[in-house]
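Engineer: These are the residues of each chain, in order.
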Amino acid sequence: MKHFLPAVCHDQNGFVALIELHARTKDCYLDDITIDMSKTDWFDADMCAALGALLYRLGQGLNTITLPNIQPKVETILSQNGFLSHYGRALLQDQRGITIPYQRLDPKDDRFFAAYLERELIQRDDMPSMSAGLLKKFRESIFEIFSNAVIHSQTQMGIFCCGQFFPKRGMIYFSVADLGIGIRQNLKNNLGLDLPSQDAIQWATEGNNTTKRGQIPGGLGLKLLREFIRLNGGCIQIVSDAGYWKQDSAGILCNKLSQPFPGTVVSVAINTKDTRSYALSSELSESDIF
Amino acid sequence: MTKNLVLSLYEIVGSPLCVASGDGQIVYDRLEPALKAGQHVTLSFRNITTLTSAFLNSAIGQLYGTFSAEQIRSLLEVQDMQPDDLSLLKRVVDTAKQYFKDPERFEQAVRETLGDESDDV
Chain A
13 MKHFLPAVCH DQNGFVALIE LHARTKDCYL DDITIDMSKT DWFDADMCAA LGALLYRLGQ
73 GLNTITLPNI QPKVETILSQ NGFLSHYGRA LLQDQRGITI PYQRLDPKDD RFFAAYLERE
133 LIQRDDMPSM SAGLLKKFRE SIFEIFSNAV IHSQTQMGIF CCGQFFPKRG MIYFSVADLG
193 IGIRQNLKNN LGLDLPSQDA IQWATEGNNT TKRGQIPGGL GLKLLREFIR LNGGCIQIVS
253 DAGYWKQDSA GILCNKLSQP FPGTVVSVAI NTKDTRSYAL SSELSESDIF
Chain B
8 MTKNLVLSLY EIVGSPLCVA SGDGQIVYDR LEPALKAGQH VTLSFRNITT LTSAFLNSAI
68 GQLYGTFSAE QIRSLLEVQD MQPDDLSLLK RVVDTAKQYF KDPERFEQAV RETLGDESDD
128 V
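Protein chains in written order, with the numbering used here: chain A, 13 to 302; chain B, 8 to 128.
Hints are supplied without guarantee of correctness; some may be wrong.
[Claimed, not checked] Simulated pairs of lysine-lysine, DSSO-like, Cα-Cα distance not exceeding 27 angstroms:
id, chain 1, residue 1, chain 2, residue 2
1, A, K235, B, K108
2, A, K200, A, K268
3, B, K97, B, K10
4, A, K200, A, K235
5, A, K285, A, K235
6, A, K38, A, K51
7, A, K268, A, K38
8, A, K235, B, K104
9, A, K285, A, K148
10, A, K38, A, K14
11, A, K148, A, K258
12, B, K108, A, K200
13, A, K148, B, K97
14, B, K108, B, K43
15, A, K235, B, K97
16, A, K268, A, K51
17, A, K200, B, K104
18, B, K43, B, K97
[As the list claims (entries may be wrong)] Far from chain B, by Cβ distances over 10 angstroms, these chain A residues were calculated:
id, residue
19, A35
20, R36
21, T46
22, T78
23, Y99
24, R136
25, S143
26, P179
27, N201
28, C247
29, L269
Because the hints were derived from the structure by calculation, they are not lab data. From a predicted model like this one, the values you see are computed outputs, not experimental measurements. Idealized CB from N, CA, C, for every residue including glycine.
Generate coordinates for the entire structure from the input sequences, incorporating the hints supplied.
Structural biologist: Listed below in structure tokens is the structure:
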């Protein structure tokens, strides 16, 4: 099996490119899968989370994956963030200090994820300077995304993350992908509500909606993330099953994709030049909470 | 019985990052028997730098499935929280009250969603 991968940017077309790869290879078992990257003239590093999830799934099917003909600049990106070292290539030193390494984690690895985030994102000297309030909101948002994947995906195959920052543009991109049941199926299983995938994502990001059942309430993570990204002027993209949902300064875009992604990807772009303090002048006191 | 039991989140979680639902469960597992015994508890957030709704739902939100709001109000207090963390906790608490008070809300949401769709047809 040979598949030519086109350019993969962190936008709907980029996700479609990865989903087409999945559609062509999803039933492969004990196969040799060649992902020819001669046509991949760009690859946004944070999209390694979604690609890594797909390739890991293929590895579970005992397939042998090769990634030949990688163009030099793409090879540099994918080597510096450690992605290609999972596929037999050398790990390159990140000379410019702009990569947030590709990482696969077990859903139980929340402590490891916390350490990864602190080491690779928060405490780095080469990180763009951000106000204390922004840094706190940023850190909380990333944890909300990870927790959301842990709680809702029911995945056994791990959670995949990767990111990159662009100091001049003042943006950080970070993606978390899982190979779980997806938002649509979650909604169907827990609430008996069978919505198109894109509507299921929209539903999960609204009001107090939650697919959580049982003793532990839920339903805030994605809303908090939406609120922060709106204030920050950033962007969130969510791909789950055959749904694509995006929120940025232009508004909300919700589309049906022609094929499903076998899980969920949440991808955020954070504006590091945001000078909002995020300090609340709330009159809430500790005695008003309960 | 101690007059007031102070539980340090930092001591229980062992980190300034209170982010994982599993760590929240550990906190809940201490809070729940204490409140059941009628013990007044102060939950200290001193030295905690990061909180998530997932952690707070697990640690505190699920208390509303076992105890009434009045019981929680009289037995539990928090201290050393930053204003924005207080605001997050308040949202978690309000959501939990709604979650346990109104089990029909899912069906309502379903009806609303389906209603919206049928309007389009």
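Engineer: Hint by hint, note whether the structure agrees.
Structural biologist: Outcome of the hint check:
no.	hint	verdict
1	A/K235 / B/K108	holds (21 angstroms)
2	A/K200 / A/K268	holds (17 angstroms)
3	B/K97 / B/K10	holds (26 angstroms)
4	A/K200 / A/K235	holds (20 angstroms)
5	A/K285 / A/K235	holds (22 angstroms)
6	A/K38 / A/K51	holds (21 angstroms)
7	A/K268 / A/K38	holds (20 angstroms)
8	A/K235 / B/K104	holds (18 angstroms)
9	A/K285 / A/K148	holds (14 angstroms)
10	A/K38 / A/K14	holds (13 angstroms)
11	A/K148 / A/K258	holds (23 angstroms)
12	B/K108 / A/K200	holds (23 angstroms)
13	A/K148 / B/K97	holds (18 angstroms)
14	B/K108 / B/K43	holds (20 angstroms)
15	A/K235 / B/K97	holds (15 angstroms)
16	A/K268 / A/K51	holds (26 angstroms)
17	A/K200 / B/K104	holds (24 angstroms)
18	B/K43 / B/K97	holds (22 angstroms)
19	A35	holds (27 angstroms)
20	R36	holds (33 angstroms)
21	T46	holds (39 angstroms)
22	T78	holds (37 angstroms)
23	Y99	holds (30 angstroms)
24	R136	holds (17 angstroms)
25	S143	holds (13 angstroms)
26	P179	holds (24 angstroms)
27	N201	holds (13 angstroms)
28	C247	holds (21 angstroms)
29	L269	holds (20 angstroms)
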